[in-house]
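Novice: Each chain, letter by letter, is given below.
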Amino acid sequence: MTENTAILNGHEIRFEPGDTILTAAERMGVDIPTLCHDPRLKPAGACRTCLVEIKKRPKLAPACATALTPGMEIVTHNERIERHVRTLLALYLTDHAVHGEASIVSEQGTGNKLIDLARAYDAPLDWPSLDNIRKGRPEDVNPYVTFQPEKCIACARCTRYCAEVESVSAITMAERGSRTTVFTADGRSLMDTTCELCGGCIDTCPTGAMTEKKPLLARVDSSKALKKVRTTCNYCGVGCQMDLNVDPDGNEGRGKVVKVTSPPPGTTTNDGNLCVKGRFAYDFIDHNERLTTPLVRGEDGKLHEATWDEAYRRAAEGLIKVSTQHGPNALGFVSSSRCTMEENYLMQKMSRAVFHTNNVHQCAAT
Amino acid sequence: MTNSINEIRGADFLFVIGSNTTEAHPIIAMEMKRAVHRGAKLVVADPRSIDLTRLAHRHLKLTPGTDVWLLNAMAHVILVEDLIDPVFIEQHTENFEAMREEALKYPPEEAEKVTGVPAEDIRATAREYATTDKAGIYYTLGITEHTHGTDNVYCLANLVLMTGHLGKPSSGMNPLRGQNNVQGANDAGATPIFYPGYQRVDDPEVQAKYEAAWGTELSPEPGMNLNVMMKTLGKGIKGMLVMGEDIVMSEPNTAKLEAGLNNMEFLVVQDIFLNETARFADVVFPASCFAEKDGTFTNSERRVQRVRKAVEPPGEAKADWSILQNLANACGAGWNYRHPSEIYAELARYAPRFSGISHDRIEKEGGIQWPCPDSDHPGTTYLHKGGVLRGKGLFTPVTYRPSAELPDQDFTLILSTGRTLYHYNAATQTRREPGPHGKQPEAFVQIHPKDAGSRSIEHGASVEVRSRRGTIQAKAVVTRDVRRGCVWMPFHFAEAKANTLTNDVGDVITGTAEYKVCAVEVAAVHV
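These protein sequences, in sequence, are chains C and D. Residue 1 is where the first sequence starts when you use the numbering used here, and the numbers rise one by one after that. Residue 1 is where the second sequence starts when you use the numbering used here, and the numbers rise one by one after that.
These are computed hints drawn from the structure, not numbers from a lab. Keep in mind the model is a prediction, meaning the values are calculated, not measured.
Just the calculated beta-carbon pair ranges, DEER-fashion:
{"hint": "1", "chain 1": "C", "residue 1": "ARG83", "chain 2": "D", "residue 2": "LYS385", "range": "45 to 55 Å"}
{"hint": "2", "chain 1": "D", "residue 1": "HIS526", "chain 2": "C", "residue 2": "VAL141", "range": "30 to 40 Å"}
{"hint": "3", "chain 1": "D", "residue 1": "LYS385", "chain 2": "C", "residue 2": "GLU12", "range": "32 to 42 Å"}
{"hint": "4", "chain 1": "D", "residue 1": "ARG484", "chain 2": "C", "residue 2": "SER178", "range": "48 to 58 Å"}
{"hint": "5", "chain 1": "D", "residue 1": "ARG390", "chain 2": "C", "residue 2": "ARG219", "range": "57 to 67 Å"}
{"hint": "6", "chain 1": "C", "residue 1": "ALA185", "chain 2": "D", "residue 2": "GLN409", "range": "45 to 55 Å"}
Pairs of lysine to aspartate or glutamate residues, derived as DMTMM-like cross-links and limited to a Cα-Cα distance of at most 25 Å, are as follows:
{"hint": "7", "chain 1": "D", "residue 1": "LYS309", "chain 2": "C", "residue 2": "ASP286"}
{"hint": "8", "chain 1": "D", "residue 1": "LYS309", "chain 2": "C", "residue 2": "ASP283"}
{"hint": "9", "chain 1": "D", "residue 1": "LYS134", "chain 2": "C", "residue 2": "ASP19"}
{"hint": "10", "chain 1": "D", "residue 1": "LYS475", "chain 2": "C", "residue 2": "ASP192"}
{"hint": "11", "chain 1": "C", "residue 1": "LYS227", "chain 2": "D", "residue 2": "GLU316"}
{"hint": "12", "chain 1": "D", "residue 1": "LYS439", "chain 2": "D", "residue 2": "GLU276"}
{"hint": "13", "chain 1": "C", "residue 1": "LYS302", "chain 2": "D", "residue 2": "GLU276"}
{"hint": "14", "chain 1": "D", "residue 1": "LYS235", "chain 2": "C", "residue 2": "GLU299"}
{"hint": "15", "chain 1": "D", "residue 1": "LYS168", "chain 2": "C", "residue 2": "GLU16"}
{"hint": "16", "chain 1": "C", "residue 1": "LYS42", "chain 2": "D", "residue 2": "ASP12"}
{"hint": "17", "chain 1": "C", "residue 1": "LYS321", "chain 2": "D", "residue 2": "GLU217"}
{"hint": "18", "chain 1": "C", "residue 1": "LYS321", "chain 2": "D", "residue 2": "GLU265"}
{"hint": "19", "chain 1": "C", "residue 1": "LYS227", "chain 2": "C", "residue 2": "GLU252"}
{"hint": "20", "chain 1": "C", "residue 1": "LYS228", "chain 2": "D", "residue 2": "ASP294"}
{"hint": "21", "chain 1": "D", "residue 1": "LYS309", "chain 2": "C", "residue 2": "ASP243"}
{"hint": "22", "chain 1": "C", "residue 1": "LYS228", "chain 2": "C", "residue 2": "ASP243"}
{"hint": "23", "chain 1": "C", "residue 1": "LYS227", "chain 2": "D", "residue 2": "GLU312"}
{"hint": "24", "chain 1": "C", "residue 1": "LYS228", "chain 2": "D", "residue 2": "ASP360"}
{"hint": "25", "chain 1": "D", "residue 1": "LYS439", "chain 2": "C", "residue 2": "GLU289"}
{"hint": "26", "chain 1": "D", "residue 1": "LYS105", "chain 2": "D", "residue 2": "GLU120"}
{"hint": "27", "chain 1": "C", "residue 1": "LYS55", "chain 2": "C", "residue 2": "GLU82"}
{"hint": "28", "chain 1": "D", "residue 1": "LYS439", "chain 2": "C", "residue 2": "GLU164"}
{"hint": "29", "chain 1": "C", "residue 1": "LYS302", "chain 2": "D", "residue 2": "GLU316"}
{"hint": "30", "chain 1": "C", "residue 1": "LYS227", "chain 2": "D", "residue 2": "GLU365"}
{"hint": "31", "chain 1": "D", "residue 1": "LYS364", "chain 2": "C", "residue 2": "GLU26"}
{"hint": "32", "chain 1": "D", "residue 1": "LYS364", "chain 2": "C", "residue 2": "ASP243"}
{"hint": "33", "chain 1": "C", "residue 1": "LYS213", "chain 2": "C", "residue 2": "ASP283"}
From the three backbone atoms N, C-alpha and C, an ideal C-beta is built for every residue, glycine too.
Only chain D is shown next, with the shape it has when bound in the complex:
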């Protein structure tokens, strides 16, 4: 997020796209609702009717995967009606003309045909966004889980830059991080192209710095991203250590993934439960949950906060940091961290944007938002104040590309997947809890009444959902919340893994898989 969470309540216009905030980020949704109660205008762009659309002033119910058309058409309106911020564009951006030329190919009337959103709604939204001073964009995986996820993000960035909605309170570009420490995991360098703090592995100076720090030679060759690794299991990747993720539940195209895991030479799994992936493991390490260890999580607004040990882990289970250290030492490393604060200190020493943060300082001051380059720096509540961080904000012309797998004669419906309020990802934690389980005990698929009717599917009936990659069963929820031609499923249920169906084709740049669009067919199950 370029802004802070508590700036949401001060916003006058909220554009929420590809985020079912109430279910995935309930506390941020509370802030949005408070903004609306205070008088802010809320526009939600989502293929489904969701809780926030009850409160929204306008709902842009677009066809899944057509975001580029919608967003370019909004840019079109802002350009044609001259609602841009010419001073900001001149001082703080580059490549405006190229973007302009492309965006002008997306008039709202044409966009209506592709997206299903009325041209007048596109116009009104573009006008309100451009002309409201405190206007913020909020998005999450509905934007990124596409083969053109990066394109979607560029389109949003174009809107932000052309209207100068950046570097101010309550006004910016705000991806809401899906998991507790997505931000921190990336910050810490658990990515194939970056050392901690987004320092590139193929930058010789950075490489030399870490070679000196760690006393060993390092590879300048960028590694495989997760999407690529998962596709080459048993072939390119023959040995793997998996910590704290149930890849069998969470990664797309389950059948292919399981075949790959069967062909692995060696697999180590480290988790708190014997998860689905552990079935394939050679060694399983019993790990600790957040209540049993010390450390930090970094939230969506870049705030580094403490995780504190409250209880001892069960049996012989150990904290993950301690397991990793012992394993590294068994492999010949000579690590000697006595406490996570010493690990954080090493991380901060070589990554300038975190250098001012330490466990001691968080203990005294509470969570600190990076960038925070030195110990006197107060941290940063919103980014890009007084100018764009990279120097000039880069406009990117974006051409619409359809999703990788669209409906055809055999698979006539678009499936999107997602999270619900009551469960969390593979649900190893939440399905062991009576409240969430009581509210939502089983897998379901939302389907439009007309699509259900033409297939003789009744509300509550058992149905079979098929894609080119597999078949699962779920309960039909017949509802107008989804568009005609679209169905939606949560991915929390091990006995009906939605990822059996999903397509493992990834975004060209990030490798993020297209969980939001694949072609399926739904049929009644006759018992």
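The following block holds chain C by itself, in its conformation from the complex:
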């Protein structure tokens, strides 16, 4: 056996120094259940859902936080491990509001990994419930993020994300024991903290304890199937990939974007992250000040609604007149780095091929 090999479920595997059992298993397509794990974060080994058996070690070990060593022999699934996971999930559920899952806006499963795992492992859902005594922040007036303490399992993914990825530490774990909760300094609203409203806490939360306010406030019917459309964010030049979650019946059948989610970590340039603008600033799409008809300036000096034919005709006549009277270089074409590549192509083609001038540029110059 060479130096960097180990045995996983009876198969010899190669690994890089520093690889955990979980990363090696994922590479092989071996599914180990996790709750507190997020590939963007340092392993916490907190939830104990990913425990595996290592030969010659009496105790089960967390796959997410155990580095592979040469010759290590690991078993990820057997009766002992499954019994452990089943019991563990049942214990988590005693401290977790199982009811009301239907209120979560979701498109796969319940949107609650704890419930999904419990069903997959046939964990008892009916053990007596503890009284949930975690504090929330019901008076937090921020418009985007809401925390439902009864669904929190204190896995600290949200607070670790806030510290390790977003690096603002606006939320932190507070209190102890069964009172352990996610809190802000002095319980302030996120609006009055260092929070930058990136919504990464929502994205990483496995149980839906951190969730989005907007769809809840808009009373989006949670049983309705939303259509996910993968697209590119329209704000800065990073080019984050995002999924527009569309209610196809919204806006009298035009469709309505009710939520924006990020693709899973590791799949696109943004690695599962979005910022406040990308994740939340989509209300402009349906804003009542959107232009909905062409406008043409009338003899009274005011803009009036017009048909498309009339608007095209007026625009064409006006541009052609300037070109005829003053020459093509009296025209300017201002394209836009906000628009698509294809639209920019057509704008420069219009300038060059239709009006024979190279006076075409866009805001990227300034």
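Given the coordinates of chain C, work out where chain D should sit on it, guided by the hints.
Specialist: For chain D alone, coordinates are given in the frame of chain C:
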């Protein structure tokens, strides 16, 4: 960017200059923070204390507009201490001696006097940059929005070339593009000197190719850049079509610009909102936003990615590509594109560096980074691998030139403008949103406590900001984040347009205006 975004987390040294990355490119900033958490060293050069300076190992808080001094002094250190990469210089560059001769005129002690950055900090930064293998430079409009913006870029390129920090993962020269499709708009040829793919309009072969492709005669005469167009509105430029930009909000020297717009013979505006510019329009076309149309955006790392239609536009609004096609046809063209994929195919057919990319391929493989010359090419994660693309990397000697308008007796402070995390440019989108609006509802000006004190300005008070071009009001934010003698404002607020104040003098080569330096005075408003 010569590198890819996911290479940032593998860098060991990050030199961030003229980029408030956390606010303007939040997701790239996350990658930088992860690099720092992993152990990378971060040096930030910026006139202000910004979020990244909290995490930075060193902050070079230079006087606005003195970048050439700072960067030439770093070159000076690298040259004098012999930290250059002689093999790279020999094999891959030209004009080294000329640059060397110029840079040696910028010793760090002199640089300290001009820039305000301690000579030892300049030395340490130069040494770390030169001696770290995976060292990347990241910059944005703090470098380019100057009359000597191109000079600043040359200085950075000199540092990259003399240390051989190019053509490798996590090591290169990385301008972060400010808007979603800055890269794509330039790639597509929406520039006065280039057809798509940076093919020059005055190159007869290129002209002949496009004349054949489009079946019409074309002009070999380079056009006006935006800065020049804006200065000649109503005079040289008498008719204009403006798509997706609110020039009244975004361009400098608002009063002069509005006077020009009033004198235009004909103006067409195409936008999703009745923006400030539409007040001057003869015809306004209602357009579609990104969620309502198909196409592609190209990001900072040259990755061409799909934009997909998710919902129908409101009312009679149409996709911009469709409006442009109908307008061209009303002017006598015979265009017949049924879908943006057909437009992309035409673009790629005549522009070799994109020829391997198509909507179909992106659908199957996800975004593709150009250059990608044919359909078997995987795309390019970092540029200049195995040698500089143009053959030899060109060193450019750069002589310091002060900014066009410096403080004087009447206007004693330097104003810089910029973007904040919560808003986006003219803020037609973000000010319609409760979160950004709640975090940042109104225009403000950052001013140093000593400058505020000497003017009897209190934190939170209303102040008047004046330049030679106009006056606006804003709320004073008294903070040591800005240097003494400097003030800073965001340009997002229509009721207090920072561009009323800014200077419309542009960089000689690019025409990019000097948004980062103009002289202003600030005074308390007595109600």
